[in-house]
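Q: Sequence:
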Amino acid sequence: MPIRPSGKFSHLSQSDRSVIAELLKQGHSINFISRELNCAPSTISREVRNHSEKRTPRHCDCIYFKNCTLKDVCHPGNNCKGLCRNCPAAKKYCQDYSIVYCENALSNRTGVCNFCPKRGRCNYSRYVYDPTKAQAEADKLLVSSRKGRNITTEHLQKIDSIISPLLKKGQSIYHVVQTHGPELGISESTLRRMVNDCDIEARNLDLRNTVQRKARRKKTDNSYKTMNTVKEGHKYEDYLNYISEHDVATVQMDCVEGKKDESPVLLTLHFPLSHMQIAVILGEHTSDAVVHGLDVLEIQLGSELFAECFPLILTDNGHEFADIEGIERSINGGKRTMVFFCEPNRSDEKGNCENNHKYIRYVIPKGSSLEPFMQSDISLMMDHINSFKRKSLGGKCPYEIGRMFMPEDFFLRLGLEQIPPDEVNLTPSLLR
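Residue 242 in the working numbering sits at position 242 of the sequence shown, and the numbers go up by one each step.
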């Protein structure tokens, strides 16, 4: 007989239950079985008591079964021809019904009839321990006992009062957990399950990336319009050669449009290392407006600080970036930066900048007009975006990382301010 290894709080296995059933069939006591399995007698008694199956006989288990000739006990006058002893419902109405118990079962202290050789043809109610069904019931209980969350109603209400308003502001679950996770004692995955199971007021509709979106349409060859504005010495291969020879940071530049029939656009400058991005509102979507926007930045920062923070710019082949000389020229004469271009139709080569535009679209949805906004509105929006904690930054926000690499004067002269985590708002209500 196999000996079960001792261990604190260990569960009975399928083989243990098979041993229990075999020893019960042989007529052994609870104490004997417990010694064989090296566990407490109470463990075996609970196992047999909780997982024994009651089996009722086919015939009536009344003590008068053999000599009973009663009819119509259920509904007198119906002229039922069958004997009531063969009807399973008759014992509810018969006043003489008296259950008979098996003497062998009463004398057996295990409480089951596994040992009895007559259990297959017995007319008495009996209990049988089946190891297969016992294992299935134990597995089901193990799963059900681990369902739900070990959390009180008061704790859940506290989580809801803090988390739901922040998620409805457009903040991500990651951002909220980085801010309040230690305080509330929950993980990101737990909070996602709470939202998905509707345990708190916030819903999946408040989480942008959780809601399933339509599949992207396939682009045809006619959807591309190649802008052949790349000059010699400013191609992407020239950019790769330059950064391989010089230790210099790259700033990615792009434009974000409003309504197609309106003039204003946003000129965005993205710092891939810190994920920080600034935006300048332009009056027109032209190359002259782009140069003017860079001139304004240089005036605010000063030529020396501008050259330090924007030593190299990578952009796409849009028509608004056609004036290479104007982009690179300093307002005080000389060169303020170097500009290189991605390959045609390869905006993914500055994918960090493109990806960060999604936060702008959270506040200013695609197709919205930019005419009602001033530079102060755009700067406020970028402050909220740059104060948004990112998983890619290890739970930090772009401003926190940016201050490690950028001069403090950069933040002071542009008026960049970090927003407290709970006040971050990435919804259109921010600029209303």
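Worth flagging that the hints you see were computed from the coordinates, not collected in a lab.
Incorrect hints may have been included.
As the list claims (entries may be wrong) - Straight-line alpha carbon distances no greater than 30 Å define the calculated BS3-like cross-link-like pairs of lysine-lysine that follow:
1. Lys118 with Lys25
2. Lys118 with Lys133
3. Lys358 with Lys260
4. Lys335 with Lys235
Said to hold, decoys possible - Label-pair restraints from in silico Cβ distances:
5. Arg193 with Pro165: 15 to 23 Å
6. Ser189 with Lys259: 34 to 42 Å
7. Lys358 with Arg432: 14 to 22 Å
8. Lys54 with Leu156: 47 to 55 Å
9. Leu142 with Lys366: 24 to 32 Å
Every residue, glycine too, gets a C-beta built ideally from N, C-alpha and C.
Q: With reference to the structure, classify each hint as holding or not holding.
A: Consistency of the hints with the structure:
For the given pair, Lys118 sits about 12 Å from Lys25 by alpha-carbon distance, which is consistent with the 30 Å threshold. A C-alpha spacing of about 21 Å is found between Lys118 and Lys133, which places the hinted pair at or below 30 Å, so the restraint holds. A threshold of 30 Å between alpha carbons decides the hint, and for Lys358 with Lys260 the separation of about 18 Å falls inside it, so the pair holds. Distance restraint check for Lys335 and Lys235: the Cα-Cα separation of roughly 18 Å lies within the 30 Å cut-off, and the hinted pair is therefore satisfied.
Range check, Arg193 to Pro165: about 19 Å between beta-carbon atoms, so the 15 to 23 Å window is met. Distance hint check: the CB atoms of Ser189 and Lys259 are about 40 Å apart, consistent with the given range 34 to 42 Å. Judged by the Cβ atoms, the range 14 to 22 Å given for Lys358 and Arg432 holds: they are separated by roughly 20 Å. Evaluation of the 47 to 55 Å hint for Lys54 and Leu156 yields a failure: the beta carbon distance comes to about 40 Å.
Between Leu142 and Lys366 the CB atoms are about 50 Å apart, so this pair departs from the stated range of 24 to 32 Å.
When held up to the earlier numbered hints, the structure conflicts with 8, 9 and fits the remainder.
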